[in-house]
Each structure stands twice: as C-alpha cells, then as structure tokens.
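Go ahead and model the full structure; you've got the sequences and the hints to work with.
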Amino acid sequence: YLTKNNLLLDYSAPGADFVWYNFDNTPPNKTITTPIYFNTTEGPHTLYLYANNTYGNVSDNVTFAVDENKFKIHYGKWRGSNKGSSTNFNLSSYEDIQNLSNVILEHTGWGKIEFNEAINLTDDENPSDDKVNISANINISDNRIEINSIALPNFNKAATLRLYNLTLVAPVRILRDGSVCSSTICTEGDYSGGTLIFNVTQFTVYSAEEIPSENGVPPT
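Per our numbering, the sequence shown starts with residue 1, numbered consecutively.
Hints may be right or wrong, so weigh each one.
In silico BS3-like links for lysine-lysine, alpha-carbon gap of 27 Å or less [what the hints assert, rightly or not]:
| no. | residue 1 | residue 2 |
| --- | --- | --- |
| 1 | Lys83 | Lys131 |
| 2 | Lys131 | Lys72 |
| 3 | Lys30 | Lys4 |
| 4 | Lys83 | Lys70 |
| 5 | Lys157 | Lys131 |
| 6 | Lys157 | Lys70 |
| 7 | Lys70 | Lys131 |
| 8 | Lys77 | Lys4 |
| 9 | Lys4 | Lys70 |
| 10 | Lys83 | Lys72 |
| 11 | Lys72 | Lys157 |
| 12 | Lys4 | Lys131 |
| 13 | Lys83 | Lys157 |
| 14 | Lys157 | Lys77 |
| 15 | Lys4 | Lys72 |
Here are the in silico distance ranges between beta carbons for each label pair [said to hold, decoys possible]:
| no. | residue 1 | residue 2 | range |
| --- | --- | --- | --- |
| 16 | Asn39 | Asn116 | 32 to 42 Å |
| 17 | Asn52 | Asp10 | 17 to 27 Å |
| 18 | Gln202 | Thr31 | 41 to 51 Å |
| 19 | Ile36 | Thr187 | 36 to 46 Å |
These aren't lab readings, by the way, just hints derived from the structure by calculation.
For every residue, glycine included, the Cβ atom is placed at its ideal position computed from N, Cα and C.
This is the structure we're talking about:
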C-alpha cells in the first residue's frame, strides 16, 4: 500500500459468533463485528483474522507492505467536502492502481466523471517520476469538465460525464474545446433538473450551451 492510514479491513465470516484479528501475530487481539479502517506502520506486515462458533475456530491471514515513498498520488482536490463519490486512491494497493476500474472524480456542486475503462495511474506523461498529479490536471467547475490529456494520457479514456446546476434552457448541445462536439466523440444522454449527462470517448475540455434557434430567438 501507498499509505499507512485508513486502510480497509473487509471480510466475510458468515455463521461466526466472534471475529477478531491482530497484526504480525502480536497481541493484543481486537474483536470486530463489521469491516473497519485501520492505521499501521511502514514496512511488511501480516494480518491474522480469526473466527469461531460452536463448531470451532477458523483463521486466515494476508501479508502486505506499506511504502509511502513508492508512488505519490496527488489528489487533494478530490478529498474535500465536495468530493461526493470520488475514488479514494489510498485504499488501493500499488498493484491495483496499475489497472484500476470504476474510477470516479466528482465535485458535488459542478459535475462528475465516471471512467468506463480501467486506468493505470502510474502511466502518466512521466512514468519514471513515481508520482501523478490528478489535482493539477483535472478540473470540474461551473459548466466545465477538463483533463490535461498531455500530462495525463492514462486518463484519456471513455467516460460518462455529468454537469450539475446548469441554468441552460433545453435543447442544449455539448461543446468540445468551445466548438460543437462531433457525434463520434460525444453522445448526449439526458438533460433534466439542471444536470446534463453525456458520454465521451476521449478528453480535453467539455461544456454545454443552448442550441440557438434558426431565427436567432432563444428557445423558450
């Protein structure tokens, strides 16, 4: 893992009366009843999980390592009070982030990106620098969703986009870099309640506008 804080211990123990765990086979044992988040230290660890009922005890273990210097993911913009359902990358291992599915970035006031393809976070413009700056290169703001696909070619993937709190009068159309987006790249879904949903095959800057009427009078 890339962080020692807030790691998820998720487990399934149907039929168990008690479940407990420890780290590195060292007391104390800690009883749990639901999945939990835990903190640990850098280096290798083994987590031991135990369960029992009237039929006896069972156990399992998993070995993992924490190295906070192995790869840095800068995504503070997507961890604040407006993060919505944004992916918490710190919950994924280094192996997982090289083929991470269902990545979501959201600002609850402005919009949302749901990637429809797996992303290798380590394969950005400079894969050898052991870091990726998502905050600096992805922007969701008022009627605007933008990814710097030069800095983040690994995020230049098909995605479903949502623009929130639009005040546009229907019908609307999607803009790519300020021009009407081709139907080969953008596929419009639904526009209602101020939210526009559409799909794109690649990234740059996307926004929306009202469709002008033929006689120059705005639609009513």
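Going through the hints against the structure:
1. Lys83 / Lys131: holds (21 Å)
2. Lys131 / Lys72: Status holds; Cα separation ~4 Å.
3. Lys30 / Lys4: Holds, because 18 Å separates the two Cα atoms, which is no more than 27 Å.
4. Lys83 / Lys70: Status holds; Cα separation ~25 Å.
5. Lys157 / Lys131: holds (19 Å)
6. Lys157 / Lys70: The given pair, whose Cα atoms are some 25 Å apart, holds under the 27 Å limit.
7. Lys70 / Lys131: holds (9 Å)
8. Lys77 / Lys4: The hint holds at about 20 Å.
9. Lys4 / Lys70: Given pair lysine 4, lysine 70 holds - Cα atoms ~12 Å apart, limit 27 Å.
10. Lys83 / Lys72: holds (19 Å)
11. Lys72 / Lys157: holds (21 Å)
12. Lys4 / Lys131: Answer holds: lysine 4 to lysine 131 is near 17 Å, not above 27 Å.
13. Lys83 / Lys157: holds (21 Å)
14. Lys157 / Lys77: Distance ~20 Å between lysine 157 and lysine 77 Cα, so the pair holds.
15. Lys4 / Lys72: This hinted pair holds, its Cα atoms lying about 13 Å apart.
16. Asn39 / Asn116: 32 to 42 Å: holds (34 Å)
17. Asn52 / Asp10: 17 to 27 Å: holds (19 Å)
18. Gln202 / Thr31: 41 to 51 Å: holds (50 Å)
19. Ile36 / Thr187: 36 to 46 Å: holds (41 Å)
Checked against the numbered hints above, the structure breaks none of them.
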